[in-house]
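J.: Sequences listed follow chains A and B, in order.
Numbering of the first sequence is given in our numbering, commencing with residue 1 and proceeding in unit increments.
Numbering of the second sequence is given in our numbering, commencing with residue 1001 and proceeding in unit increments.
Read the hints as simulated data drawn from the structure, not as lab findings.
It is possible that some hints are incorrect.
Reference excerpt, derived from the structure (chain B facing chain A, CB under 8 angstroms, subset only) [to be verified]:
1) Ser-1150
2) Pro-1154
3) Ser-1165
Okay, the calculated beta carbon distance ranges per label pair [said to hold, decoys possible]:
4) Gly-1123(B) to Thr-62(A): 56 to 62 angstroms
5) Pro-428(A) to Gly-1123(B): 49 to 55 angstroms
6) Glu-1137(B) to Pro-246(A): 34 to 40 angstroms
7) Glu-1137(B) to Lys-328(A): 56 to 62 angstroms
8) Asp-148(A) to Asp-1015(B): 52 to 58 angstroms
9) Asp-432(A) to Gln-1188(B): 42 to 48 angstroms
10) Asp-432(A) to Val-1211(B): 51 to 57 angstroms
11) Lys-473(A) to Gly-1055(B): 36 to 42 angstroms
12) Gly-43(A) to Asp-1015(B): 47 to 53 angstroms
13) Ser-434(A) to Gln-1188(B): 45 to 51 angstroms
14) Ser-444(A) to Asp-1046(B): 44 to 50 angstroms
15) Thr-1182(B) to Pro-246(A): 28 to 34 angstroms
16) Val-247(A) to Thr-1182(B): 51 to 57 angstroms
17) Met-287(A) to Gly-1030(B): 52 to 58 angstroms
Nothing here was measured: the structure is a model prediction, and the numbers come from that model.
Cβ atoms here follow ideal geometry from the backbone N, Cα and C, with glycine treated the same way.
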Amino acid sequence: MKPTDIACVQPRLKVLGREQALAIHTAALEILEKTGFRMEHRGALEMLAGAGCTVMDGNRLTMPCYLPEQALACAPRSITLYDQQGRKAMPLVNGNCFYGTGSDATFTLDLEDGRRRRTVRQDIVHFARLVDGLENMAFAMSMANPRDVPVEDIYIHAFAAMLTNTNKPIVFIADSGRDIAVIHELAALVAGGEKELAKKPFILNYSEAISPLRFPVNVMEKLLFCAQKRIPLCLPSGSNAGGGAPVTLAGALALGIAENLVGLVVHQLAGKGAPFLFGPNVSVLDMKSTVVSYGCPEWSLTQAALADMRDELYGLPTWAYAGASDSKTMDAQAGAEAMFSIVTAMLSRSNLIHDVGFLEYGSTSCLEMVAMADELVSMSRHFVKGVPVTEQTLALEAVERVAAGDPGAIFLTDDHTFDHFMEAQFLPNLLDRSRYDAWEKAGSPDLYRRCNGKVKRILARHAVETKPDVVLKEIDRIVGRP
Amino acid sequence: METLGALKEAVIKGDIQKSTTETGKALEAGVAPQDILSQGLIGAMDEVGERFAKGLMFVPQMLRSAKTMQECVGLLKPHFEEGAVVAAGKVLIGSVKGDLHDIGKNLVAMMMEGAGFTITDLGVDVSPEGFVEKVREVEPDILGMSALLSTTMPAMRETVQALESAGLRDKVKIMIGGAPVTEEYARQIAADAYAPDAGSAIAEARRLLEV
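Chain B with its partners taken away, still in its complex shape (with noise of 0.2 angstroms):
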């Protein structure tokens, strides 16, 4: 379809405008919005993220792809019914308690958005109670811990228990990651999954649901 490979390649770019208009022509043609979401702007950013796999694109423009993407889906969503958009999946993220860093995790959690799944930031330092009183509301399909330093580190396995003695534990999947977090640890506090980089975190995150 034309007009959706306009949309494709302006996502590609990072060019909001573009998109946006691209969006909204595509809309007034009469292209089904779920084609628009699903052949439009998820395809782009599927793109995108093999073009930055090979070394062939930078985090800030993946990043912007992912904004540009999500403007468009700003602009789709009238069009959907209520819950009619399905997302990859429904992610509850934060920096560990006593831990105030949250530049990686916020890159993941952007990544993540763009990658189509559903983000909800708790910020930085949230305690395990804090985590297990969201995981109960929000009822993510994954949740995300990060820590950067090593004497943050054990209060993901302190979260994990936390969720353990709340009987929450087999309601969500839990990656961990940060610059002194191995894979060795995550298995070690039993958390399903470790992840290295945001790239690799949306990877995890579509293995850990099957999508």
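Isolated chain A, as found in the complex (with noise of 0.2 angstroms):
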């Protein structure tokens, strides 16, 4: 075989073994089967017990193991997020990787003086005018949970300064089947119609059930309405070790799992093949703070297992996160934590991945975080592509140019260099390798100081393909409807 056959091997982190992925997939099932679950939604309870589940005393139900395996078959293997233009943006299948913000964020570090202060609108529009603005980050979501709009309109407000300030496909939160009407009829408006939207969707909905096994009226009213829409949506549950789910992750997983697997069904029977993005949020609570943590090592584990199971016997794309921190600043802890799991996530080919940029255990929103975390992403696929070995890259030829060649050639002038050096080399551009005497000249900026520079050169100079006039009037005219 001549060298150029060589297929490449690409690096792939697996923590799971087929007889471990049964085992959990099993579980799941039997706490389906026999500890059952609230289901607090009449509609969704009514659909189960139609469709087999079993109506212990009031709301709670247990649900016969076909019924997960059914909407296992029946839910679509891949998901497309579209940008706002309609071109393909996201294909989430197999082990394809994106990553983007996250959500809800209480506080912000202030770009201006680096202070710990309540978000606001202002914030989700830089939040998503960087995302715009950064190549590898492919999504956007809110980053901020902002106290200068009416609470009981906070998602609309949220999704309304997202569209306005990225093209990008945006990752939504909504409240109940009320406001995720509007965000829809909002994202219609955009996508130029319904039709449109649900052929080619720029919209996936986050909700979460409440671990353990709890399905609130409020989720079941956004899942159902999603189904029927055809809008994209995932349904993690907080089923965290320690917290909502058993300390030890095999266990915390088949909760989840158990969890999403309801979820699936009651989607699967309201609108048949919509598109459903698994998997649950599998983080630790932490035994001395009690917070949930968003930088342990143990939450990439259980998505690299969940992306484990999907290969093994679920199919369905996943959902992720990766690229925040427990940290209270963009300290070495925040960018120690992010690289973890942007690595692992990418390692485990985990398909939908966000939460980029929080800090304080999710509960901080930093852009500096997110410019960071954009570089590391980049440096991760540097990594991840591997070592294609090609008659190119083992470059004999420009060895013996160099070796045989004139007194003073060298590799630097060879047109292979000039050739390959691009894409041969990851070539930072945050993180700082120059000579020391020209970085102390250039002030000492540490990382954090030259992510900040670039926030604001991207906030200033990136321009956000516009939408048009009547769309954008439209935009303010139904968040401003009473």
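Using the hints, build the complex out of the two chains.
T.: Written as structure tokens, this is what we have:
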């Protein structure tokens, strides 16, 4: 075989064997069949009872194992999110990885003075524009629960702020069936109609059941809405180890998967073949502070396990997190934790990876952290490309030219270097490799300051493709509607 | 007192069996129930609280100690006259209207119970009227409210207002907490205290009641 025919191994993290995957799946089914769950939405309960679930008492149901298996067989194996211009942006299938920001931060670190303060609507504008201008950020989430908008319409305002400041796909939050309908109306307006939106969705709803095994009315309203409108949705519960779920990861995964399966069953009953992004959030409850950790190795491990279960069993694209930290500032801890989750999520081939740019266990958002993570994603992408081995990359001719050439011949002047260095090397932008003197002369900027500079440049210079005036006016009208 | 030393140690370790045995032994030996309670059990829990604050103990260990203490208190109860046990204070607690999350609230309730407070837990999704009714009935020293969501947080303000309308606001101290809740918000809605976590909830409660 000629070297050109050698397939390139792409590094891949595997954390579960088939037997382990099957055992966790079986445990999830057993939870549903024996323990059951609480379905507080009347319509969903009746739907489940009609499909074969047993009503134990009141709103407590058990589910026969064939229902999840049927639902898994019905749900699409790939979900494609489009950008707001209708271009294919995120094919969530196989091992494709896409990174983006998170939602609902109470605080943010101010871009000017670095202080932690309550988030406002303008922060959503900044994060959306930044995401729009960063190559490795594929989708936007709000990164803020703004204090300066009416709280009952907080998610409508957040969504509208994102709509007008990015053209990338949006993962959005809603409170109930009421505001999700308004958000859907706004999205349909941008897409050019409900049908167009369903055909080329640029939005995905993030909802949460409550662990353990509780499905509130408002959560199911959103799920049913998405199933009927064929808007992609995910339903990760907070089955965090030691918090909403058992402290051991296998048990927490089984519980989180069981909860996801309930959501999936209702979803597929309401809209067979509608897109459902699979996966629970399984982090840990910290045993000292009782916060849910955003920088722990366990969350990375459970989503790697989920990716293995996708490959072994489920086939559905997965929900994941990365690029966040428990640290209160963008310090070394933040960098270490962000990189750990970013590179492992990519090596695990998780599909939709959110929460990039969070500090303080998800309570504080940070623009500079998003900029840093963008570079770390780029670094990781370089790593997972592996080591392509071809005639070109073995470069025997270049070796011969330099070794046998004129005195003074060096690789740096060889054509092979000129032709290949751009893809052969990771070329950092924010990570500093400058010589000491140059760095000192530039004012000895640390990574936080360099990221701050990059964020400010993007916010000042990056032009977001504008939407037609008539659309913008209509967005304002709908948001301002009483 | 050597007997109580062994009891304290067993409570700190969360050894329920040893603790109840030691409590029984102390009673048999004629130690006053009030001494067993204050020097043995509450003394042990104070030590647990200190160790936890220093990062030497973890939450599940602390909760086990609290549970151990409750088991021992159960053994002491028949030896007290009705109402003779002095609790640190009466606390009414619940997650506010529209909020179905309860892990944080439960943790606060359990830890406060371990610290000697008497807890009435109203569960989740408690309406302002529900809180008002129970405040009237239970007459707590402190009302604790929890919210995990920004969208349910306004129910805290509604509850404070409902207590005012019912003429009960000055009968009870109000303490709030939960992920989106801040010190500033507590001030805005005229709550008496904000606690960022369960440990601070105990400290704040003690400060409010001066115990």
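J.: Are the hints correct? Go through all of them and say.
T.: Evaluation of the provided hints:
Annotation: interface hint on Ser-1150(B) holds; nearest CB of chain A at approximately 4 angstroms, less than 8 angstroms. Look at Pro-1154(B): its Cβ gets to within about 6 angstroms of chain A, closer than 8 angstroms, so that hint holds up. About 21 angstroms separates the beta-carbon of Ser-1165(B) from the nearest beta-carbon of chain A, more than 8 angstroms, and the hint is not met. Between Gly-1123(B) and Thr-62(A) the C-beta distance comes to about 23 angstroms, which lies outside the given range of 56 to 62 angstroms.
Separation of Pro-428(A) from Gly-1123(B) is about 53 angstroms and conforms to the stated range, judged on CB atoms against 49 to 55 angstroms. Taking the beta carbon of each, Glu-1137(B) and Pro-246(A) are about 36 angstroms apart, inside 34 to 40 angstroms as hinted. With their beta carbons about 42 angstroms apart, Glu-1137(B) and Lys-328(A) fall outside the hinted range of 56 to 62 angstroms. Distance hint check for Asp-148(A) and Asp-1015(B): the Cβ-Cβ separation is about 53 angstroms, which falls inside the suggested range of 52 to 58 angstroms.
Between Asp-432(A) and Gln-1188(B) the CB atoms are about 43 angstroms apart, so this pair conforms to the stated range of 42 to 48 angstroms. In this structure the hint that Asp-432(A) and Val-1211(B) lie 51 to 57 angstroms apart at CB holds, the actual value being about 55 angstroms. Between Lys-473(A) and Gly-1055(B), the C-beta spacing of about 56 angstroms breaks the proposed range 36 to 42 angstroms. For Gly-43(A) paired with Asp-1015(B), a C-beta distance near 50 angstroms keeps the hint of 47 to 53 angstroms intact.
Here the CB-CB span from Ser-434(A) to Gln-1188(B) is close to 48 angstroms, well matched to the stated 45 to 51 angstroms. Hint check: Ser-444(A) to Asp-1046(B), Cβ distance near 49 angstroms, so the stated range 44 to 50 angstroms holds. Checked against the given bound of 28 to 34 angstroms, the beta carbons of Thr-1182(B) and Pro-246(A), roughly 32 angstroms apart, stay inside it. The hinted window of 51 to 57 angstroms between Val-247(A) and Thr-1182(B) is violated, with their beta carbons roughly 30 angstroms apart.
Separation of Met-287(A) from Gly-1030(B) is about 40 angstroms and departs from the stated range, judged on CB atoms against 52 to 58 angstroms.
The structure does not agree with the numbered hints 3, 4, 7, 11, 16, 17 stated previously, though it agrees with the rest.
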